[in-house]
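S.K.: Residues per chain are reported as follows:
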Amino acid sequence: MAVAIKSSPSKMMESASKAPKASSKQFFLTVLLFLKLLIFVCLIGAATTSRLFSVIRYESIIHEFDPWFNYRATRYLVANGFHKFLNWFDDRTWYPLGRVTGGTLYPGLMTSSGFIWYIMNYILKIQVDIRNVCVLFAPAFSGITAIFTYLFTKNCYNDDALAGFLSAAFIAIAPGYISRSVAGSYDNEAIAITLLMSTFYLWIKAMRTGSIAWACSAAISYFYMVSAWGGYVFITNLVPLHVFILLLMGRYSSKLYSAYSVWYTIGTLASMQIPFVGFLPIRSNDHMASLGVFGLLQFFMFGDYIKSKISSANFKIFLKTSVISLIAIGVFGLFTLTYFGLIAPWTGRFYSLWDTDYAKVHIPIIASVSEHQPTAWPSFFFDTQILIWLFPCGVFLLFLELQDEHVFIIAYSVLCSYFAGVMVRLMLTLTPIICVCAAIALSNVFKYNLKIWKSVKTVIKNKTGSKNNNAFTEICSLIGKLVTVLTFLGYLILFVQHCTWVTSNAYSSPSVVILSGNYNEDGSPIYIDDFREAYSWLRYNTADDAKVASWWDYGYQIGGMADRTTLVDNNTWNNTHIAIVGKAMASEESISYEIFKDHDVDYVLIVFGGLLGYSGDDINKFLWMVRISEGIWPDEINEPSFFTSDGQYRVDSAASETMKNSLMYKMSYHDFPGLLGNPTQTTDRVRGATIDASHVPDLKYFEEVFTSENWLVRIYKLKDEDSQGRDLGDVYNLEHKSGKKSVMKKPKLEPRVD
Amino acid sequence: MKLSAHYLALWVLTLFTCLSKCASNKKLLKDTKNGNKNVIKLTDSNFRNILNPIRDSYVVVYLTATQEDIGCTLCQSLDPEYSTLAESWFKTHPDGLNDPENDEKKGLFFAKADYSEGGNSQVFQHFKASQVPLLYVFAPTDDPDSGINTFQQLNIPTNVAAGDQRIEMLINSFVHYFELKDYKLYKPVDYVSKGITVVSTLLAMFFLHKFSSAVLIFFKSKILWAIVSTAFIIVMCNGYMFNKIRQTPYAGSSNNGVEYFQSGMQSQYAIETQIVSFLYAGLGLAVLLLAKLVPFLSEYYTKKQKQYNAATSSLLATVVLLAIVFFFSSALMYIFRLKYSPYPFKFLK
Numbered sequence: 000m001a002v003a004i005k006s007s008p009s010k011m012m013e014s015a016s017k018a019p020k021a022s023s024k025q026f027f028l029t030v031l032l033f034l035k036l037l038i039f040v041c042l043i044g045a046a047t048t049s050r051l052f053s054v055i056r057y058e059s060i061i062h063e064f065d066p067w068f069n070y071r072a073t074r075y076l077v078a079n080g081f082h083k084f085l086n087w088f089d090d091r092t093w094y095p096l097g098r099v100t101g102g103t104l105y106p107g108l109m110t111s112s113g114f115i116w117y118i119m120n121y122i123l124k125i126q127v128d129i130r131n132v133c134v135l136f137a138p139a140f141s142g143i144t145a146i147f148t149y150l151f152t153k154n155c156y157n158d159d160a161l162a163g164f165l166s167a168a169f170i171a172i173a174p175g176y177i178s179r180s181v182a183g184s185y186d187n188e189a190i191a192i193t194l195l196m197s198t199f200y201l202w203i204k205a206m207r208t209g210s211i212a213w214a215c216s217a218a219i220s221y222f223y224m225v226s227a228w229g230g231y232v233f234i235t236n237l238v239p240l241h242v243f244i245l246l247l248m249g250r251y252s253s254k255l256y257s258a259y260s261v262w263y264t265i266g267t268l269a270s271m272q273i274p275f276v277g278f279l280p281i282r283s284n285d286h287m288a289s290l291g292v293f294g295l296l297q298f299f300m301f302g303d304y305i306k307s308k309i310s311s312a313n314f315k316i317f318l319k320t321s322v323i324s325l326i327a328i329g330v331f332g333l334f335t336l337t338y339f340g341l342i343a344p345w346t347g348r349f350y351s352l353w354d355t356d357y358a359k360v361h362i363p364i365i366a367s368v369s370e371h372q373p374t375a376w377p378s379f380f381f382d383t384q385i386l387i388w389l390f391p392c393g394v395f396l397l398f399l400e401l402q403d404e405h406v407f408i409i410a411y412s413v414l415c416s417y418f419a420g421v422m423v424r425l426m427l428t429l430t431p432i433i434c435v436c437a438a439i440a441l442s443n444v445f446k447y448n449l450k451i452w453k454s455v456k457t458v459i460k461n462k463t464g465s466k467n468n469n470a471f472t473e474i475c476s477l478i479g480k481l482v483t484v485l486t487f488l489g490y491l492i493l494f495v496q497h498c499t500w501v502t503s504n505a506y507s508s509p510s511v512v513i514l515s516g517n518y519n520e521d522g523s524p525i526y527i528d529d530f531r532e533a534y535s536w537l538r539y540n541t542a543d544d545a546k547v548a549s550w551w552d553y554g555y556q557i558g559g560m561a562d563r564t565t566l567v568d569n570n571t572w573n574n575t576h577i578a579i580v581g582k583a584m585a586s587e588e589s590i591s592y593e594i595f596k597d598h599d600v601d602y603v604l605i606v607f608g609g610l611l612g613y614s615g616d617d618i619n620k621f622l623w624m625v626r627i628s629e630g631i632w633p634d635e636i637n638e639p640s641f642f643t644s645d646g647q648y649r650v651d652s653a654a655s656e657t658m659k660n661s662l663m664y665k666m667s668y669h670d671f672p673g674l675l676g677n678p679t680q681t682t683d684r685v686r687g688a689t690i691d692a693s694h695v696p697d698l699k700y701f702e703e704v705f706t707s708e709n710w711l712v713r714i715y716k717l718k719d720e721d722s723q724g725r726d727l728g729d730v731y732n733l734e735h736k737s738g739k740k741s742v743m744k745k746p747k748l749e750p751r752v753d
Numbered sequence: 000m001k002l003s004a005h006y007l008a009l010w011v012l013t014l015f016t017c018l019s020k021c022a023s024n025k026k027l028l029k030d031t032k033n034g035n036k037n038v039i040k041l042t043d044s045n046f047r048n049i050l051n052p053i054r055d056s057y058v059v060v061y062l063t064a065t066q067e068d069i070g071c072t073l074c075q076s077l078d079p080e081y082s083t084l085a086e087s088w089f090k091t092h093p094d095g096l097n098d099p100e101n102d103e104k105k106g107l108f109f110a111k112a113d114y115s116e117g118g119n120s121q122v123f124q125h126f127k128a129s130q131v132p133l134l135y136v137f138a139p140t141d142d143p144d145s146g147i148n149t150f151q152q153l154n155i156p157t158n159v160a161a162g163d164q165r166i167e168m169l170i171n172s173f174v175h176y177f178e179l180k181d182y183k184l185y186k187p188v189d190y191v192s193k194g195i196t197v198v199s200t201l202l203a204m205f206f207l208h209k210f211s212s213a214v215l216i217f218f219k220s221k222i223l224w225a226i227v228s229t230a231f232i233i234v235m236c237n238g239y240m241f242n243k244i245r246q247t248p249y250a251g252s253s254n255n256g257v258e259y260f261q262s263g264m265q266s267q268y269a270i271e272t273q274i275v276s277f278l279y280a281g282l283g284l285a286v287l288l289l290a291k292l293v294p295f296l297s298e299y300y301t302k303k304q305k306q307y308n309a310a311t312s313s314l315l316a317t318v319v320l321l322a323i324v325f326f327f328s329s330a331l332m333y334i335f336r337l338k339y340s341p342y343p344f345k346f347l348k
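Those protein sequences? They're chains A and B, same order as listed. For the first sequence, numbering that gives the first Met the number 0 assigns the number 0 to the initial residue and increments by one for each residue that follows. For the second sequence, numbering that gives the first Met the number 0 assigns the number 0 to the initial residue and increments by one for each residue that follows.
Just so you know, the hints here were simulated from the structure itself, not pulled from any lab data. Watch out, some of these pointers could steer you wrong.
[To be verified] With a straight-line Cα cutoff of 35 angstroms, these simulated DSBU-like cross-link-like pairs (lysine-lysine) come out: (1) 35(A) x 345(B); (2) 153(A) x 319(A); (3) 127(B) x 36(B); (4) 319(A) x 40(B).
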């Protein structure tokens, strides 16, 4: 695999170095074509293989959280057909509300993989499991992304094939993109970046040629993008911004007019066909920029026409009056429409991009998602290594020429680097443009320095001649070029190694199965497979219609792997419902029991990393549950009461009483003290706190039914209501006072200690 | 007999209080007017007098210390807010009474003791204040025995944004607990700042118009735009927004002096942004020169028929720039290793 990756950058240079010299044109063209094809094959090979670490290391498995939902939806689509899929009402999530799943998802991803599966099974007659299609979907599409990036760069940058190939090679292996497209990461982003690049490529093509055909293809590609990812809004705003800047620079042309008008009208009409998008493109403020620019273009066109008809003095007057009145009408119209509620206010997620305090204050659920956190500089370096410092250089180089299409790259870079700085998740959309700009910078360096062969030739020629002076200068320039090329080749090789290392170490974990870092005696790695263990326990040991309550992070996985009904899941469409679960987790046992009983819950699932040292567990997420429920019930849940008196978040003896009595605390540490030798104390390895038996109150309303091998997942069952109508807490107290020991069905546990 | 004497005393006292009731509100109002910005200033000499008598009104007492070297930032930010609080109340209730039209006696008055101003150490001793800021409230009372030692502490909301939002919150809780009417946040219009804004806008427009050609050149300058946008990109790609949102400290301190780099991928000091931005800018500039300056040098001298110069200068430039790229990128990797120790790649060190 490494060989395949390494070969690609060097191949590119070969082709470029061979470009200038040609003895026979026909032969040369054939070789060039062959080499190009070879490079593409290598690129696709590199892109695909470098994303297969997880499949080789673990197995063909869907990763993380959201992909499990997509996988479940795809299975539904394959089993029930497209129409049923679009009308799918899912009663097994968000119990008891259910979710209009067909109308609230972006169907592009599922339809694409369903389509591929259909072709493979029914037309090509290759029997493939839908799971394997889903797992390998992202790697396959990243190969296509590389090709589109090549086309985009080549078209954007003076038909420079070298820059094109470099950018394609970069995007193929850049960790910033791999992070979202490894095998098994079956998420919308897997397909979205491909479509992003294809739409941009087609837009540039349309803008340069002014051809309606290209503009239509751009619109179709845009439609596909809308059907696949909510981030399509980025395109909806970037293309108008490009046009707007061009207009400001006085670069209106009829090509621009026809390209944008066609793209906008067809693209918008098409995008409204997606049920989830619906009428948003004409109502939401996120889409208003594109509409405004569309109107502005009409105005420019009209002005252009008038200009050709009347004298320039009259035209000036015409221009002034119409500009002022137009602005006035525009501002007034925007305000009135928003005032009357005809156009929706800007959505919350959009706000959190601009006003970074907004989300923190108003929408805890957005702030709680780690993807919405700001990006620290190491992430940029980690995701792109040398490209990150080539990136500004490339942008600067574009400014030196500043053709229409260069403006696009510049606008994209500036806008997106801000977005990526605000939100980690948007690193993904920045990566393609980093690759493009870095490739432009490098290609500029190589352009001059790759003329080695020519230098060598002159050196040889001069040696046979007599001009000593010239020979010296030629050798000097040859050395200069050679050193430059070799050094940068070294950097590129380092980049390839960096990418491979990052992908292998950081981005290839399915997070459903975890590597413990220890090895068996025979050298095979030890896996921590608690999640699947727990989910399959649920699948095989509980009633088919059992309701499982858990924090929303695990909703999709429970739905996908355990096939049980959940209260909340990663869709987070209903804040109140999530707050209900948060409140139940944060309240006292008796209150939680009541809440859960009201919602027909049978089991409660929590994730506890204290034994293993797994830091992403529920106790660490607990404060978000408190905050989110405090947002709805400020009288009943109070965040400061979960802290110690000096404002610390502690779980040991110093923890506040509210903390100790919360259901989450009790469930996490139930029977935990006394687990490792010492009968009364055990150390929580995530928080480094000693948990004493006397600090963990007994569970009175819940009973433990399952705890996974490494205690990562614990499942509790709500006790049945007392047959005599007594309060379960009283029953428990009574039984324990009278010396009767309740028989606890405790699973046999053998904690792994390393 | 003893009992009746006791009763008699109580009766006399009640009579006395009935007379003094109205006086109490008036007296508080008088004190308020004497005070600064509608806030009664508590000192060692007057605080027993002000807080002791039987009241019809709530008296809010605010203990603070605004002096710089005490270093109570919360006090400093809360101080103007407390003044606004009092001002807003007296804007709609000039007598400090809640509902004077319905002949209701209940009112609200504000008092404050700032430790930094001195002469009030007894006040702080009385409240046994070991920390500031503190907010207390004295409820209206008829009971002569309760006096100065019956008060309640109020929570100062610290989890909301300072400024208007916090004042609103305090006002809301006052309205809720003291059952007040017409208590709204009042913000005096700052005519001076508005005037300055108007004048400066007009001036700016005037200068823009006057030097429009220069401004146009400025706006049309490619290089300027290029520098601004690349600088913007470099800064943004270095966690500037992270610093802004998380309000990270500029640098840390450890046992052996200043710590410039915080270890961990998801954390950073503000100074890191500057250091790394400098490295990126240096690297980017070097590559830019490598792509543009080197061919330019060689071409320039070749045109002048100075082959020797062309060769040596471009070779020299190449070597220098490559050395810069090498050292800077190895520095970058070194810094990155400081933050993320498992990272295996390095050039130097």
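S.K.: If you draw a straight line from the CA of residue 35(A) to the CA of residue 345(B), is it 35 angstroms or shorter?
M.R.: Holds, because 33 angstroms separates the two Cα atoms, which is no more than 35 angstroms.
S.K.: Checking one constraint from the list: CA of residue 153(A) to CA of residue 319(A), max 35 angstroms. Satisfied?
M.R.: Since the Cα atoms of residue 153(A) and residue 319(A) sit roughly 40 angstroms apart, the hinted pair is violated (cutoff 35 angstroms).
S.K.: Keeping to a limit of 35 angstroms between CA atoms, is the pair of residue 319(A) and residue 40(B) held or broken?
M.R.: Distance of about 61 angstroms is beyond 35 angstroms: violated.
S.K.: Compare the distance between the alpha carbons of residue 127(B) and residue 36(B) with 35 angstroms, and conclude whether the hinted pair is satisfied.
M.R.: Measuring from Cα to Cα gives roughly 26 angstroms; hence the hint holds.
In the structure shown, a violation is registered for the earlier hints numbered 2 and 4, in ascending order.
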